[in-house]
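Below are the chains, spelled out letter by letter.
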Amino acid sequence: MSLRLLRLPLAIGAPAPRLQLAAPRLAWAGRVMQATWTPRFEAVRAALLAVELEQLAQGAISASAVDCLAGDVSALTALLRPRELAAIPLGAYAAAPPDSADPAAVVLNYRFALVRRERLPLLVEALAADDLERLLQLAAFPACCRAALVRALAAGEDLPLAIHAHGAASAAGPASWDSPAFSAAGAASGSGPASAASSALAAGPAAAVNAAASPIEANALLQPLGIAAVAHVPCSAACTASQALGCERLERGSAAGHAQAMAHLRAALAWPASYSQRNGIAEVQTAALRLVQESARREPQLTYRWHPAAAASIAAGGGADAAVADRTADTGSASPIAAGHSAGVAAIAADTDLDNPAAADYGFASLHAWRMRQAAVVWEQSRRLRGGGSFIDLACGDGYLLQLVEAETRRLSVFGLDRSEAQIARAQRRLPHRSLCLRHGDIAGLAAQAPAGGYDFALLRPEDLLPLPEPERRHSLRTVFGAARQVLAYASDQALRRHGSLGGLLTAAGLAATRTPAAADISAEVQPLP
Amino acid sequence: MSVELRPLGDRCNIQCRYCYQEGTRHAAAAAPRYSLPGMLAALEELGEPFVLFGGEALLVRDEDLETLFAYGLEQHGINAIQTNGALIEAHHIDLFRRYRVRVGISLDGPGELNLARWAGSAGRTRRATARAEAALDRLCREGLAPSVIVTLHRGNAAGERLALLAGWIRHLHAIGVQRVRLHLLEVDTHNDSQGLRLNDAENLHALRSLRQLESELPGLRFDLFREMRDMLLARDAVSSCVWQACDSYATRGVRGVEGGGERSNCGRTHKGGVAYLAAPRRGYERQLALYATPQERGGCAGCRFFLMCKGNCPGTALEGDWRLRSEHCATWYGLFEDLETELAAAGEQPLSQSPRRAACEAELTALWQAGLDESLQSLTRRLGVAAA
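Residue numbers (full-length UniProt numbering), protein chains in the order written: chain U, 1 to 530; chain B, 1 to 388.
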C-alpha cells in the first residue's frame, strides 16, 4: 500500500497558486544507504500513519490528509472504518511513480481529507468557504505555523518541498530571504536566536546556516517524504510549539508499539541536511539522499544548512564555513602545482624540460619522438632492470633515459656516456647527484671508467657503431661486452627506417638478439655475432 | 549513451590535482564492494557495451580483467577501457588484442605538461607519465592505436606550453593516433584545480589553435570540434553526453556500474563528495530552469546556441551548482560562433540561425515539461526545419 501522509487538508488547486503535490525525485547516497533506509522509511511512514489515525480517532486532531494511489483506496477504507473516520476526496492528480524509470508510466493519485465523522460538517464547511485558516486549525496547526503558512501560500510558495524548508529556515533569521511571508513568520514566532543567526548570515546574503541548537524533531527537510515527527508545516526550526508536538508524536509512536520505527525516525532527523533553491529548482541534500523538485519561485536564491554538530561552533563565531567544513576537507597534497598557491603557479610558468634541440642528432624527428622512444626502452626492459645493479647508457644525451631508469628502482646506479659535451652538461643538470657518473667521451674510453666488477647493464645504440671502420667496430664491441654483463640495444627512428627492423640493424652492426624480439620490440638484449 | 564499469570505484594509482573524483575518494568511509558476479549480472541486465573505467581500471586483477573482457567480447563483440596508461604492461596489450579492446589513455602531454596528473612525487609522476607514453607508443606499434584524452589547463596549454602540446599531438599523429578528446579543466571545490584553470580567453585560444592543428593533420580528429559542428546542424545522434540534456540525478550520457554491481551516476556531478545513486526517473529541471533564467543569473535565456549546448555538462556548472550553466560557457559560445560563421560561409544553415529555432525550442521544452526528450535530428525532421 502506498499512502503519503501530508497534513494539509486542502483541495488540489486551491488556495495555493501552485500546489506541488508530486513526490520529489530522490537519489540515494549509495546502495548501502538505500538498502538500509528504504525499509526503515517504510516502517516510519506506516508508524506515523498509524499514529495520525489514532490521533484523529481520539479527537486530538480534527483533520488530516493522505495521497493515495487508485489501487489503494480500498486498503485506506479498511484502515478508516474501524476508527470511524471519514475520507473526503479533495481531488486527483497524475504523476509518475517515484520508483519508475518510464516517464510515460503516469499513475493517478487521489487526495483525501481524513476526519472524524462527527466533525465532517466542520471540514466540509471550511472547504466550501475556502477558509484556509480554519482548515489549518482543524488540522491542529499551532497558531504561529498557521499564520506563517497562510502568508506563504498567499505569497505564491510551492508545496511541499520549498515551503518546508522555508519554514525550517526561518530559525536562521528573517534576513536570510526576501519572502515577506516568512520574514514575518520568523519574527512572529519570536523564536529565532538573533545573535547566532547574524553570525551565520555573515556568510552572505543568500546563505543561511541554522545556528539554533534545536531538537532534532524540528528538522522538517524530509517531510516531503513523509519522514518527519512534525506532521504539520512548522513555521521555523526553532518553533517551540512544533518541537513539543514533534516530541509528543514520537512518544505516542513508541507507546503504540512503534519504538523501533521512532528510533529510525530520530536518527534520520538528526542527519545534517541542506536546502537550496535556485532558478526555480529546489533541492534537499543529506548524507543519505537528495531530493529535487521544480519550484515556481525563481527568486531569491536561498541556501539553508542544518548541521546540528556545527551549531555550537557557529554560535561561538565560527561562521558559516565551519558548518560545512566536513564537506570541503583539505586533501593535504604536496603537488608542486597545487592550485591557488603562488609557488605552484610559478612552477607551472617555469621552463619545461622539453627544449632540447638535439633530437635529430640522435636519429629522431622531434624531441617528443626521442623521449617516447627512451620511455619505450625503459618500459620494455623494466622487469629486467628492477633487479637493480649498475647501468650505463652509452649515448645518454641529456640523461632523460637514465632518469627514467633510476625511477624504476632505487637499487640501480646509473652512469652515462656521450660524445656531445653539451648533452652531458644537460644530463648533469638533470641528474646533479650523478654528475660525476656522467662523462663526455665514446665507447673507447668505457673500460677506463667502469666501476670495479664492471656494469650490470650497458645500453647501446648499434647505429652509432655503423660508421666505424670494421676493426674499430669490433674493438668497440669487445670493449662494451667486456665492461658489462648484459648488453641491451635499441634503435632510433632513423635507424629503423634505414634497416627495416631492429633485427636488421643488429645484424648490420655485428650483433644478434639473445632471444628473437617481438615484432613491435624496439630493444633487446644482444650478443656479438660469431 | 555509455556504460562505465568501475570495478574498484574511484581507486587510482595517481592523484590528479584536478580529478573530479577527489571529493568522493576522500569522503569514502569504507572500501567499495567488489563482486565479479555482481558486475556481470548488472552488465547483463543493461545489455549494452561498456567501458572499463575508474579510478584506474588496470588495478583490477588480471584474471578478473580477462573475465570481463571475455564477457564483453562474447556479448558485444568489442570492449573498451579508459586508463591513465601508467600500469599497462605487455600482458595487458596481449589482452587488448585478444579481446578487441579499444584503449583510451588520459594523458595531458609529455613530461612536465602532465605534471598535474600527480603520482605522489616528482619522480613517480615522471615515471608514470613516461610509462603511459611508452604504452601509447607500444600500442601504436602493435597496431592498436589508442585514443587520447587531454585536459587543457595552465600546465599544458598556457603560453608557450600550448606549442609544446601541439608538437606532441603532431607526434601522436605521426605514430598513428587518430582520435584526441579535449576536455577543459573543471574547477571543483574539493580538489586543487583552482589555479590550474585557463581563463575563458585562454581556453578559447587553445581550442582555436588545436582546431587549426587538426586541419594540418589528416586523419587526426579532435572529437570536440566535429561534435559541435554536428550539433549546429542538428546531427546529434552520436554526440557525446555533454551536449545532451544531462540530468545530474540520472545522468543520461554516462551510466555507471560499480564494483558490487550497483548502478551509479556520472562522477562529474558528485560535487559534495557524495556518490549518489541514479534516480529511477530522468528529469529536465535543469534545462527548463536554464532556458528560463537570465544569463546574468547563471542561466541560458536568449542564447541562440541553447538547443545545441543545453547548458553543457552539469558537472562543469558554475559554482559547482548543477542548476547553473557550464563554467565554460564563454568558450563554447566562442567556438559555436566560429563554427556557425564557417557553416554559413559554406552555404549551410546552422540551427542557431534558423528562423524556426524558436519553434524548436518551444517543442523541446514542452517535451521536457512532460518528462520526455528527443534528439535534435528527430525534432528538426519532425518539424520540417531545414538545418537538419
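What the hints contain is simulated information worked out from the structure, not anything from laboratory work.
From a predicted model like this one, the values you see are computed outputs, not experimental measurements.
A couple of the hints might just be wrong.
[Said to hold, decoys possible] Short derived list, chain B residues pointing at chain U, Cβ under 10 angstroms: (1) G109; (2) A132; (3) E133; (4) G143; (5) H171; (6) R323; (7) A330; (8) G334; (9) A344; (10) A346; (11) R356; (12) R357; (13) A358; (14) G371.
Glycine is no exception: its CB is placed at the ideal position from the N, C-alpha and C atoms.
Hints, verified against the model:
| no. | hint | in the structure |
| --- | --- | --- |
| 1 | G109 | holds, 9 angstroms |
| 2 | A132 | holds, 9 angstroms |
| 3 | E133 | holds, 5 angstroms |
| 4 | G143 | holds, 8 angstroms |
| 5 | H171 | holds, 4 angstroms |
| 6 | R323 | holds, 5 angstroms |
| 7 | A330 | violated, 19 angstroms |
| 8 | G334 | violated, 24 angstroms |
| 9 | A344 | violated, 32 angstroms |
| 10 | A346 | violated, 34 angstroms |
| 11 | R356 | violated, 26 angstroms |
| 12 | R357 | violated, 22 angstroms |
| 13 | A358 | violated, 21 angstroms |
| 14 | G371 | holds, 3 angstroms |
Going down the numbered hints, you'll see the structure goes against 7, 8, 9, 10, 11, 12, 13, while the others check out.
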